[in-house]
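These protein sequence lines are chains A and B, in that order. According to the working numbering, the first sequence is numbered sequentially starting from 1. According to the working numbering, the second sequence is numbered sequentially starting from 1.
Hints in this document: simulated from the structure, not taken from any laboratory. Remember, it's a predicted structure, so these values are computed and weren't measured experimentally. Check the hints yourself; a few may be wrong.
[Said to hold, decoys possible] Here are the simulated distance ranges between beta carbons: (1) B:L474 <-> A:S247: 55 to 61 Å; (2) A:G417 <-> B:R484: 39 to 45 Å; (3) B:G179 <-> A:L20: 47 to 53 Å; (4) B:L474 <-> A:S480: 51 to 57 Å; (5) A:P524 <-> B:R484: 52 to 58 Å; (6) A:L20 <-> B:L29: 24 to 30 Å; (7) A:G210 <-> B:L285: 51 to 57 Å; (8) A:L39 <-> B:E457: 53 to 59 Å; (9) A:G231 <-> B:R484: 43 to 49 Å.
Note that CB positions come from ideal geometry on N, CA and C, so glycine has one too.
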Amino acid sequence: MLEAIPVLSLITWIPLAGALLMILLPTRNARALRWVAGLFTAVPLVLAIWLYAEYKPAIGGRPYEEAYTWLTVPLSRAGAEGIASLELAFDYLMGVDGLSLPLTLLTGIVSMMALLASVHIRKRWKTFYVLFLLLQTGMYGVFLTRDVVWFFIFFELTLIPAFFLIGIWGLEGREKAANRFLVYNGVGSALMLLAFLMLVATAGFTATPGAGGDALRFSGSYDVLLANLSGSGSQSMLASDPIFQLSDGMRWAAFVLLVIAFGIKLPMFPFHTWMLRVHAEAPPSIVMVHAGVLLKMGAYGLIRFAAQLFPAELREAADVLAVLGVVGILYGAVLAFVQKEFRLLLAYSSVSHMGIVLLGVASLNDVGLTGAVFQAVSHGLIAALLFLIVGSLYERTGTTRIDELGGLAKSVPFMSGILLTAGLANLGLPGLSGFVGEFLSFLGLFESMKVLTVFGVLGVLLSAAYMLRGVMSITFGPQSPRYDGIKEARFVEALPMVALVALIVLLGVYPSLLTGPMQPSFDPLVEAFKSGVGG
Amino acid sequence: MEALQTLTVQDLWTLAPELALLVASVVLLVVEMFLPARVNRDLIGWLVMLSLAVSAALVGVHMADLQASGASAVSVLGGTYRVDDFANILKLVVLAASGLVVLLSLGSVRREDIPIRGDYYSLILPAALGAMIMASSAELITLYVGLELMSVTTYVLVAMRKSRPSSGEAAFKYLVSGGVASAFILYGMSLLYGATGTTGLGEIGAALSAGSDPFERLVNIGFYLMVAGFALKLALAPFHLWAADVYQGAPTPVTALLAVVTKGAAFAMAYRTLFNAMGQDERDLVLPALAVLAAIAMIVGTTGALRQSDTKRFLALSGVANAGILAIPLVLDLSHVHTSLFAEFVYYLIAYVFMNVGAFAVLAMVERAEGQTGLDAFAGLYHRAPWTAGAMTVLLCSLAGLPITGGFFGKLLILFGTVQTRAYWLAAILLATTVVSYYVYFRIIRQMYMRGGRTEEPIRVTTPAGIVIWICALASVALGVLPRPILSWIDAVFSLPADLMVR
């Protein structure tokens, strides 16, 4: 059924259609705007769930793939003999596999929850929802496209709305946060683009013999790049021309560019400073999307491009990545422990948890990779939940400083309970989803690097310390009389909270729901790691 | 060169697009004098639009003829003037850009500001004519005549805001820098003529490729001088210092004219000259210098715009950076497989015309309402004119090279060219300056969306200016979503050896 419709395109473009429709609606009617935004967020989510249910790991995503010619740039072929055509092709390619499917679903869920949490938005609703829908198109597109140029376009498409969402609706330091976000991510995307174009100009080359000579094209197709880089591509005589071969130095250059580009997004340890400010200043519903999905684009890119296209380079660089991951884990955890601002505590906690993703990637085996993706999804849900509560608390108390809050369990027991659950999930309590991701990542790493694993696990201990310190001092202890009259969560707030908690528990007790579709997708990659063939 | 030929009727037909502008400008100048004072001078503006359209239609007819006949070019006047697809494409760009500028003037020029509006409109025609001659000339003298025609007219146009001292100052600075540019170019030309004994571009190239040349040093100096002159006209750093002052003082539509038409024409001149008149030795020696200029221009333009608080100066420096980007295809190595150089150049030039004219149009509207052109004049534009703010956002995204806009695609193609020819250092500079430019262009976006304005009072956008703004914004998006028609069109009509090369 789903194969018959271009489901991946629908998921990606429906939010954009919603955004365009909303521009035409009158600004005054906030309720109608909210419903339209909700509708256009819900439809892709439903499609994503449906797709998830229909997806068969054994077959993979092939039935859902879409390929259309979008753009071919004719290249100069003056002086060349025996060539029918020479072009630079950026096609519209969509595809899904075990790596992108969970993240697509995550995007849908977090977007929906963030939309419900946007009831806190008090000004310029219309623009907010338009940008929010645009952001969704960008996020879905990043996970679902199979062409590097489209990947870049979607990646940038998340950048512009996110800049506005942070810069207009954030707290006092919003402009600075938005600027930093823009510049750091701009640097990342520029490095990414350079690496992509280097690949297109070399590994993207294909020659198809035909009646009137060879049809030559440079393509941004991920499959073509993968095939050519792993040496299984249909290379003709022309393709063995050194112009189209990546030298070892260039391979390394492209690999390092990609690691840094996605490392900034993840964020990897030395490149994390920009996201702290975003966590602290952006409006809560946007932080939900930011911590929940946008950071995961870094993890996705790292696995999709850096790992899958360059397994040989990754194998040699795995130690470095693992060390960076461990440093990130410990650094994030220690700094989270001393924060007085709960948002910053969560921000450093994100740095720490994304370090675990890095460890999973560096483990070079399927357990670790599965763990990395699981951790990405699970942290996406947990971070979204935490910031959802932070947003609700901030609306009621006007502060998120740990020392100013306290004893909230008395006046808002429900929200405090959810906060405690989220905190426990974040520190990796077995039975909740956070545990599975961390466990698998560390298990994977333990196979390859035992010492580093030991240091990494230290971070988990620390996370218990900082999370409990933060959560406990907010919910228990003496309550400031200022907060006596604050109200319990409204229905629109409680609904996403309960839904997210349910998902976190579900993934915690039944992880194969998520790991099931993933495994077969990593098989070729793990093979490449084992055989050591330059991928 | 052969003896002087007589000008036949057939030749006149070949020159028809230029003649149309020439006749129109003379007639309109005379009509202006005899028109009663009560007649609104906008009439002249609309007639100027009409003559630009006629000229563009004639160019279109020429292109169709050329395509149908299968010939690569029609040369007249002893091979000094050449109508080929290179010239035709650039003429269309020049005419379209001039048309947009005139339309913008119709919607923004006030009587208090420019008292002699009739002359103002009709003077845009000779400027466009000069630009067209530059695109078509295959010979140094003709080239120079076109250059001077365009320059002299624009000196006058810059000085049009008679009531403001800054306009006169700008005109004087532009005159001096333009004079210096002409001197450089002429001196370079004279050295080339001295060494080769000819002024035809093709003949010079043939003589220089032929082999050992006793005047090699002089020839190289000649080319360096010409490159310096071109750089002055293009506002490539470090020859860009005049740009900010001139842009600021000139009437806003004239600034747009300087930013797109004169720059496009100067690029046409640079392409024609450097591709044709150089042998391989000269290419190896002179083009790296131009590459360095392009790199400096990108860096200086972008970082300079970072500190500007006046929008016109800001856009002037953005123009410097964009000139650097446009110069990249010119300097890349020809021997590698990549885009035809010209396609990516023209594509980005078209995108640049739209995004720049559009941005100036929005600026002109803001200037009308606020009476100043500081960046803070844009404050709160989102509340005062939400649709215009939206259009400006698209235009600025295009300038910054963000998808999906024409600016993004143009930059992507140029970048791909640098990567393919392994000019990684240029690619790195292009990317680095692009990242900085995000920050630069988002300064205006921040003003529009995140700052409160002086008042909340809506800004009135005049109809002609509104049309310009929306043509430009929509074209910027269309170029980004569907770049294919333009690129295929260029590929269909243009081939490097047949169309650009004179010999």
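Evaluated hints:
For the pair B:L474 and A:S247, the beta carbons lie near 44 Å from each other, so the given range of 55 to 61 Å is not met. With their beta carbons about 57 Å apart, A:G417 and B:R484 fall outside the hinted range of 39 to 45 Å. Separation of B:G179 from A:L20 is about 52 Å and conforms to the stated range, judged on CB atoms against 47 to 53 Å. Remark: the range hint 51 to 57 Å for B:L474 to A:S480 is upheld by a beta-carbon distance near 56 Å.
Under the hint 52 to 58 Å, the C-beta atoms of A:P524 and B:R484, about 34 Å apart, miss the expected range. A beta carbon spacing of about 48 Å between A:L20 and B:L29 contradicts the range 24 to 30 Å that was offered as a hint. Between A:G210 and B:L285, the C-beta spacing of about 41 Å breaks the proposed range 51 to 57 Å. At roughly 36 Å, the beta carbons of A:L39 and B:E457 sit outside the given window of 53 to 59 Å.
Between A:G231 and B:R484 the C-beta distance comes to about 32 Å, which lies outside the given range of 43 to 49 Å.
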